[in-house]
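Asker: So you can see what is in the structure, the chains are spelled out below.
2 protein chains.
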Amino acid sequence: MQDRTVDQPIIHREANADFRWEGVAVLPYKEDERALFSAITKQVLFSGPDFDGELRYFEIAPGGFSSLERHEHAHAVLTFRGRGHCLVGRQLKRIEHHDLVIVPPLTWHQFRASFHEPLGFLCMVNAKRDRPQLPSEQDLADMRSDPEIAKFLLNQLSED
Amino acid sequence: MQDRTVDQPIIHREANADFRWEGVAVLPYKEDERALFSAITKQVLFSGPDFDGELRYFEIAPGGFSSLERHEHAHAVLTFRGRGHCLVGRQLKRIEHHDLVIVPPLTWHQFRASFHEPLGFLCMVNAKRDRPQLPSEQDLADMRSDPEIAKFLLNQLSED
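So the sequences go chain by chain: B and D.
Here this note's numbering is used: the first residue of the first sequence is 179, the next is one more, and so on.
Here this note's numbering is used: the first residue of the second sequence is 179, the next is one more, and so on.
The set of hints was computed from the structure by calculation and includes no laboratory data.
Mixed in with the good hints, there may be bad ones.
Heads up, the list lumps identical chains together, so a pair's fine if it works in one copy or across two of them.
[Said to hold, decoys possible] With a straight-line Cα cutoff of 25 Å, these simulated SDA-like cross-link-like pairs (lysine to any residue) come out:
(1) Lys306 <-> His251
(2) Lys329 <-> Gln221
(3) Lys306 <-> Pro283
(4) Lys306 <-> Asp228
Quick caveat, the model's predicted, so the values are computed rather than measured.
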């Protein structure tokens with residue numbers, strides 16, 4: 179019987195039931211002086227030559243947010259811990275436990291831990307993907323023309 | 179601002195907190211007369227032309243099991259509900275909440291809901307992938323030569 183697994187670990191267990199996995203690095207994102215993202219960590223759960231996709235776990239501390247960006251590649255997101263809000267194009271959504279969120283190509287998006295709790299989510303992407311684009315001042319002005327999106331971008335959503 | 183999301187749903191919510199998602203079909207696997215798999219359902223959470231990978235949710239009812247198979251493509255598995263056991267090559271592992279399991283290429287594998295509870299797991303695969311191979315009698319005899327694997331295949335693991 180062919181067996182390529184004898185000498186390699188096949189399991190990484192969650193440590194302390196705290197959304198941290200043994201053998202998986204927790205990559206802190208530095209606070210960005212341009213305030214493009216804040217208080218977010220990344221763990222790459224699955225990646226490598228055998229996979230055309232990657233599965234990552236992001237966690238945003240209360241009040242933090244992911245980068246406001248867009249790119250040719252799509253995101254497939256599964257809310258894994260806590261609650262928050264996301265902006266996907268013109269759609270502003272409250273997200274919570276196990277919600278599935280699709281971010282289509284070339285669509286502005288941002289995730290925010292807008293409640294007093296962490297927001298953790300799994301995110302599947304293509305292994306081969308383009309670099310994110312950041313919004314221009316005009317793009318931002320277009321987004322802010324929607325009052326609800328303006329509040330979201332200022333982290334001023336009410337907790338309804 | 180470009181926006182491709184105005185007319186399409188970006189969110190599928192979990193219905194009744196029961197690992198079933200609105201708008202996602204629950205695909206029952208028929209009981210297989212050759213007993214290759216039993217009591218397992220599949221939901222395809224993310225798939226489509228924008229993704230080189232797919233994310234599926236499988237759920238095995240207590241006592242059920244997935245197909246014993248191997249293939250060129252790899253599996254990336256995250257235990258999502260309950261506990262059970264998996265066989266990956268010669269490695270037999272108890273798996274539980276949020277464990278990450280890698281099934282390398284061409285490695286025999288099977289998942290079993292070996293406790294009195296469902297075993298649910300997320301599974302990332304490549305969108306383009308080969309068809310599974312089933313074990314020959316000789317392959318099965320080789321596996322059964324390990325007493326623990328023989329017990330696993332007969333669903334006779336003790337709950338330690």
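Asker: When the structure is checked against the list of hints, which entries are broken? Sort them ascending.
Answerer: 2
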